[in-house]
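Undergrad: Construct all of the structure, not just a fragment, from the sequences and the given hints.
Protein sequences appear in the order of chains A and B. Residues in the first sequence are numbered consecutively from 57, following the working numbering. Residues in the second sequence are numbered consecutively from 1457, following the working numbering.
Please keep in mind that the hints were generated in silico from the structure rather than gathered at the bench. These figures come from a predicted structure and were not determined experimentally. Certain hints may be false.
Said to hold, decoys possible - In silico DMTMM-like links for lysine to aspartate or glutamate, alpha-carbon gap of 20 angstroms or less:
id, chain 1, residue 1, chain 2, residue 2
1, B, 1905, B, 1823
2, B, 1905, B, 1820
3, A, 154, B, 1821
4, B, 1629, B, 2060
5, B, 2067, A, 149
6, B, 2012, B, 1763
7, B, 1832, B, 1915
8, B, 2067, A, 148
9, B, 1826, B, 1915
Stated by the list, open to error - Computed footprint of chain B on chain A, listed as stretches where at least three residues anywhere in the stretch have a Cβ under 8 angstroms from a Cβ of chain B:
id, region
10, 71 to 78
11, 140 to 151
We treat Cβ as the ideally placed atom computed from N, Cα and C, and that holds for glycine.
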Amino acid sequence: MPIENYLYLSALLFTIGAAGVLIRRNAIVVFMCIELMLNAANLAFVTFSRMNGTIDGQLFAFFTMVVAACEVVVGLAIIVTIYRSRRSASVDDARLLKL
Amino acid sequence: MNETSQMLVFLIAIPLFSAALLLLGGRALDKVGHFVGTLASGAAFAVGVIEFLAMLRRAPESRAVTQPLFTWIEVGNFNVGATLLLDQLSVCFVLLITGVGTLIHIYSIAYMSHDKDRRRFFAYLNLFIAAMLLLVLGDSYLSLYVGWEGVGLASYLLIGFWNQKPAYATAAKKAFVANRVGDVGLSLAVMIAFVQFGSVSFSGVAEGVEAGKASSLALNALGIALLLAAVGKSAQFPLQSWLGDAMAGPTPVSALIHAATMVTAGVYLIARSHFVFDVASIAQLLVVIVGAITLLFGAIIGMAKDDIKKALAASTMSQIGYMILATGLGPVGYAFAMMHLLTHGFFKAGMFLGAGSVMHGMNDEVDMRKYGGLRKYMPITFATFGLGYLAIIGVPPFAGFYSKDKIIEIALDAGGAKGIILGSITLLGAAITAFYMSRVMLMTFFGAKRWEAGAHPHESPALMTIPMILLAIGSVSAGFIFNMGDRFINFLAPLFHAGDSGHSGHGEKEHLLPPIVVSALALTAVAIGVSIAIAKYGRGKAIPAVAPSDVSLWTKVARRDLLQDEFNETLFMRPGQELTKALAVIDEKVIDGAVRGVGSITLDVASGVRKTQTGFVRSYALWIIVGAVGILGAIAVMSL
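TA: And the structure:
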């Protein structure tokens, strides 16, 4: 199996994630889609690492995972707090930061 | 190379130090300030006399002495030293400034005794003496410029000495502004000299002119710039309007600055720059024209003035017109101009002090229509003023006769139509001078008493009369002494006749009229002027205490200084105001408009852009993606 297929998969996952972020209203789902995009990027990193025979890409994948884990902690906390105060997890309902 | 002297700097330093001391010393020096000021001026005079005597012991060709003080400007090849130069020309001025200056200091002790600011007055007088000495002692146009501005400052401060009266403060400003117009000429002259000759020292420029470094155009431009400077400082046409108003200053100031010394700085400048004017024929012709116009202009104004000081100021203007005219007549003229300058310094300062003495006794009244019959009450003032009067109208053997007669003589000898025109103008000026000065004499000292109630005229104290007497002695004898065996002319000759055969050449020149005929003509003109004045203002003629209003248009115009203020107002002041108004509008609309416009455009754009902030987090995400895709697309396009 040619190694480019991993890149196609990565692109596909990223696109699905991006579409989910744009289309879905539930904050949890949006969040999951963001994770999907991050992991698509991770997959691309690892693939390029393999293609170039260097270890840099794999190293970056670990960084991404650590950042994603931190982000999940903070993000979920925010979502839970918003849900508690507004009884809604819809991102469209949380639009107070505007004119 | 000239000899050096270590004394010259003291001429300037003593009065300058005294001025600083009096200004910084504060009220503590109020009791002694006038003595300090007078002593400083007297000390400068002593130094001047010592230097003069030392000069007389040297050979005529090497009489100039210099004193290098320090290097002032040093840029590449351009080198200006702060060097003092005392030659035959500057020594005349030094003695006049410090001599007459000291007498006027003495006079002022009494004249200003009731003024609580007397110390400040003496500080300014000393400042003036120092600046004027720097003006005449500087060896370059740049040093001269510093002194030039210094006397302008002192003149401004002293005209506005009683600046609690708004009119006096305005007069001071007027003098300053008119002088500033002339100063532009001097700074232009310095620049032209620098560009053309790479030097601003008198000797450097003289050598440059001799070596033919400059075109005739540049030399004429230089001459005209110098003339503009002289015209401003010496109150000549067309910058003459400030002198009449400058009489707002205390009378000793009028005597020292606006009669004897500062206003003659223009004559000094032209005489000092003789090497320029001798080759710049257009500029030289302009000098003559300016002198001729002013001598009539001042004389005509003098006929109509009832204010004794303004009449004398108009006369000063006219007499300086004579000097300027003489300087414009080439090598023969400089020495006679200087001679008239010195004799004029004596008699005009003496007359101003006399006028001050009259005012002192008449409760500061200046209107001659309210004088009359004062000769019995002020005999010394009458006698000294009378001697000055005889000197100025040119009665032999008084000083003015020798100097003015010579100027008329050389004017007639100017050649062709020019000589006849100039000769007639100077003769006419002499007649008018005789008329208006006789008018002043008759209205002040003769005739019926027309005093205001409460006037108790009395002779002034000795501190005032002694300077007047000394100046009167000068008015009587100066001309005779100067003229004895052409002494003065020969003294100055090495300076002005360097190239040609000197005064002897003048002697051999064909005269239009023999000197004796010229003298007779001049005396006839004077006699006519005096007789008209006696016929109009003499014995038995009633002089109304209020100036009659049903007079000819000509008189009305002359009373208003020949409309010089109206002329300046319509031609310069009003358009100037319009210009500033227009500039204010441009500032408001264009400059401020641009600044405010940038601000409001930024605000408008911002409030438009603000609408994209919807609060929908998904639309932000869309923008991010669109942006990212856009950047990637751009990279893809670029890498194709």
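Undergrad: For every hint, state whether the structure bears it out.
TA: Here is what the structure says about each hint:
1. B:1905 / B:1823: holds, 13 angstroms
2. B:1905 / B:1820: Holds, at roughly 16 angstroms.
3. A:154 / B:1821: violated, 83 angstroms
4. B:1629 / B:2060: violated, 49 angstroms
5. B:2067 / A:149: Since the Cα atoms of residue 2067 (chain B) and residue 149 (chain A) sit roughly 18 angstroms apart, the hinted pair holds (cutoff 20 angstroms).
6. B:2012 / B:1763: Roughly 15 angstroms separates the two Cα atoms, so the pair holds.
7. B:1832 / B:1915: holds, 10 angstroms
8. B:2067 / A:148: holds, 17 angstroms
9. B:1826 / B:1915: Distance ~17 angstroms between residue 1826 (chain B) and residue 1915 (chain B) Cα, so the pair holds.
10. 71 to 78: Since three or more residues must qualify, the claim that chain B covers the region 71 to 78 of chain A holds, with 3 doing so at under 8 angstroms.
11. 140 to 151: It holds: at least three residues are needed, and the region 140 to 151 of chain A offers 4 whose Cβ sits within less than 8 angstroms of chain B.
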